[in-house]
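Residue numbers (this note's numbering), protein chains in the order written: chain X, 1 to 110; chain C, 1 to 383.
Hints were generated in silico from the structure; no laboratory data involved.
Here a beta-carbon is modelled for each residue, glycine too, at the ideal position from N, C-alpha and C.
It is possible that some hints are incorrect.
DSS-like, lysine-lysine: derived pairs with alpha carbons at most 25 Å apart [as the list claims (entries may be wrong)]: (1) 331(C) x 30(C); (2) 249(C) x 65(X); (3) 21(X) x 107(C); (4) 127(C) x 30(C); (5) 161(C) x 124(C); (6) 127(C) x 21(X); (7) 313(C) x 300(C); (8) 300(C) x 44(C); (9) 127(C) x 300(C); (10) 107(C) x 127(C); (11) 65(X) x 2(C); (12) 249(C) x 259(C); (13) 177(C) x 21(X); (14) 2(C) x 21(X); (15) 107(C) x 300(C); (16) 30(C) x 2(C); (17) 30(C) x 44(C).
From chain C, some residues computed to sit far from chain X (all C-beta separations above 10 Å) [unchecked claim]: (18) 239; (19) 300; (20) 312.
Part of the chain X face toward chain C, derived, beta carbon under 7 Å [stated by the list, open to error]: (21) 3; (22) 10; (23) 37.
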Amino acid sequence: MCLAIPARLVEYLDEDRMFGKVELGGVQRRINTLLLVGPDACEPGEYVLVHVGFALSKISEEEAKDQLRILGEMGSAYAEELQAIGESLSLDLADTEGSVLSVSPQEVRP
Amino acid sequence: MKFADEFRDADLARALGARIAAESGDRHWKIMEVCGGHTHTIFKYGIEDLLPSNVELVHGPGCPVCVIPMGRLDDGIALARDPEVIFTCFGDLMRVPGANGSLLDAKAEGADVRMVYSPLDALKLAKENPDRKVVFYAIGFETTAPSTALTLLHARAQGVKNFFVFCNHVTIIPPMKAILDSPDLRLDGFLGPGHVSSVVGIRPYEFVTTTYNKPVVVVGFEPLDILQGVHMVMRQILEGRCEVENQYKRVVHDEGNPKSLEVLARVFSIRPHFEWRGLGFISQSALQLRDEFADHDAEKAFTVPGVRVADPKACQCGEVLKGVLKPWECKVFGTACTPETPIGTCMVSSEGACAAYYNFGRYSRSRDRERVLAGSAANGERG
Numbered sequence: 001m002c003l004a005i006p007a008r009l010v011e012y013l014d015e016d017r018m019f020g021k022v023e024l025g026g027v028q029r030r031i032n033t034l035l036l037v038g039p040d041a042c043e044p045g046e047y048v049l050v051h052v053g054f055a056l057s058k059i060s061e062e063e064a065k066d067q068l069r070i071l072g073e074m075g076s077a078y079a080e081e082l083q084a085i086g087e088s089l090s091l092d093l094a095d096t097e098g099s100v101l102s103v104s105p106q107e108v109r110p
Numbered sequence: 001m002k003f004a005d006e007f008r009d010a011d012l013a014r015a016l017g018a019r020i021a022a023e024s025g026d027r028h029w030k031i032m033e034v035c036g037g038h039t040h041t042i043f044k045y046g047i048e049d050l051l052p053s054n055v056e057l058v059h060g061p062g063c064p065v066c067v068i069p070m071g072r073l074d075d076g077i078a079l080a081r082d083p084e085v086i087f088t089c090f091g092d093l094m095r096v097p098g099a100n101g102s103l104l105d106a107k108a109e110g111a112d113v114r115m116v117y118s119p120l121d122a123l124k125l126a127k128e129n130p131d132r133k134v135v136f137y138a139i140g141f142e143t144t145a146p147s148t149a150l151t152l153l154h155a156r157a158q159g160v161k162n163f164f165v166f167c168n169h170v171t172i173i174p175p176m177k178a179i180l181d182s183p184d185l186r187l188d189g190f191l192g193p194g195h196v197s198s199v200v201g202i203r204p205y206e207f208v209t210t211t212y213n214k215p216v217v218v219v220g221f222e223p224l225d226i227l228q229g230v231h232m233v234m235r236q237i238l239e240g241r242c243e244v245e246n247q248y249k250r251v252v253h254d255e256g257n258p259k260s261l262e263v264l265a266r267v268f269s270i271r272p273h274f275e276w277r278g279l280g281f282i283s284q285s286a287l288q289l290r291d292e293f294a295d296h297d298a299e300k301a302f303t304v305p306g307v308r309v310a311d312p313k314a315c316q317c318g319e320v321l322k323g324v325l326k327p328w329e330c331k332v333f334g335t336a337c338t339p340e341t342p343i344g345t346c347m348v349s350s351e352g353a354c355a356a357y358y359n360f361g362r363y364s365r366s367r368d369r370e371r372v373l374a375g376s377a378a379n380g381e382r383g
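Just need the whole structure built from these sequences, with the hints factored in.
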């Protein structure tokens, strides 16, 4: 019900921009575009969210890029951390000698 | 599909899940996703499998079909049985059981019930059948209500007098408040409904942060949106912040969509009371057509029974909608109540928590998860 799908606005079908042609999943449909004003004003070629035959809002390419950049950084920070933990010598399971920790526990504990 | 696929990247989702796990510490987190669309994404993409066992997602009341009480559905079925009427509704509603069968049963018995994708389809039917009365059974939150409003304005402009709306539009804030006031549930924060917010903006949730001291993050509907939203709620709490944040900036403006708000105000007024399945009567929680649209108001143009019907005794949709019960904790889940023969609404709609658990096979995994949680809680008490 609250599901909406992204579609590319191909063109407006009337001068008043009441209806527009969108392309989604390889098919073209006519949808109502009256809500695409103000911050959601949209030009052909841009993307909109379609809900029950109406363009609910514009999808901002800039904001999407921004979000993907943040997500990418979060993901890569995690990948780097994984790599770092993998390369850490002191955490090597094969290091049975415990060379780094070759001190008595009393010396380390506060 | 652009703006969908890139937000479904599996590696990135795993990385986010691991990050949430690393930052979640040893406390138990309970975060409610308000919208049924989120519930659907969470099960479809197995988000819970990516989250650590101490981060629990609680499914909220934001499923438009689920919250319709049986009496309102029976009113619809009564309208559908009128021989003059072509009754139209979204597909989700067709199988919802009323006191004496569903709309699908009524259709089998000869009622002219038609499934539509858009209210504009219903308007088109009205234009094509000037000798019949076409009733559109309108449901949905603020996401869908502007579509109904615009359709009515089109009907009026085109002089289509045989188009009627049976209005069951509801608003999201009152049930959120009811849940926050309920003593049954301890929540840490909310994932706010993305598409409702594209209409109303993010300001209406401020009371959750100021009055109830819970963070709200408005989130989108792709898997990475949900995971990022969970992480943002956690960061707020860990950093001692309590704000309304917008994760879904590519669609949601802080002020909402001014045109949608304008047409909502022009066509609808607030109902003094509306009954919600499981939540009971909530004041000022639903919309009705303004008097100037009385000619198109099915509640005024037809005689509707308006009888209040209690939910079936075995059905625990109310507890599921409030997030108090997990779907599989309901006595009839998966036995007497299945998507083919549902007893309650949560098993019917694709956004219902029960249907999501059932259809995506999350049942056994979720139970395993529950056992882990119960075990760690017991250990915690002993410690």
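Here's how the hints hold up against the structure:
1. 331(C) x 30(C): Within the cut-off at roughly 23 Å; holds.
2. 249(C) x 65(X): holds (11 Å)
3. 21(X) x 107(C): violated (34 Å)
4. 127(C) x 30(C): violated (50 Å)
5. 161(C) x 124(C): holds (12 Å)
6. 127(C) x 21(X): Cα-Cα ~22 Å, so holds.
7. 313(C) x 300(C): violated (32 Å)
8. 300(C) x 44(C): violated (41 Å)
9. 127(C) x 300(C): Distance of about 21 Å is within 25 Å: holds.
10. 107(C) x 127(C): holds (22 Å)
11. 65(X) x 2(C): Roughly 12 Å separates the two Cα atoms, so the pair holds.
12. 249(C) x 259(C): The hint holds at about 18 Å.
13. 177(C) x 21(X): violated (40 Å)
14. 2(C) x 21(X): Within the cut-off at roughly 17 Å; holds.
15. 107(C) x 300(C): Holds: residue 107(C) and residue 300(C) sit about 24 Å apart, inside 25 Å.
16. 30(C) x 2(C): Measuring from Cα to Cα gives roughly 32 Å; hence the hint is violated.
17. 30(C) x 44(C): holds (20 Å)
18. 239: holds (16 Å)
19. 300: The claim stands: residue 300(C) keeps its Cβ more than 10 Å from every Cβ of chain X (closest is about 24 Å).
20. 312: Holds: least Cβ distance 23 Å, greater than 10 Å.
21. 3: holds (5 Å)
22. 10: At 14 Å from the nearest chain C Cβ, residue 10(X) fails the 7 Å test, so the hint is violated.
23. 37: holds (5 Å)
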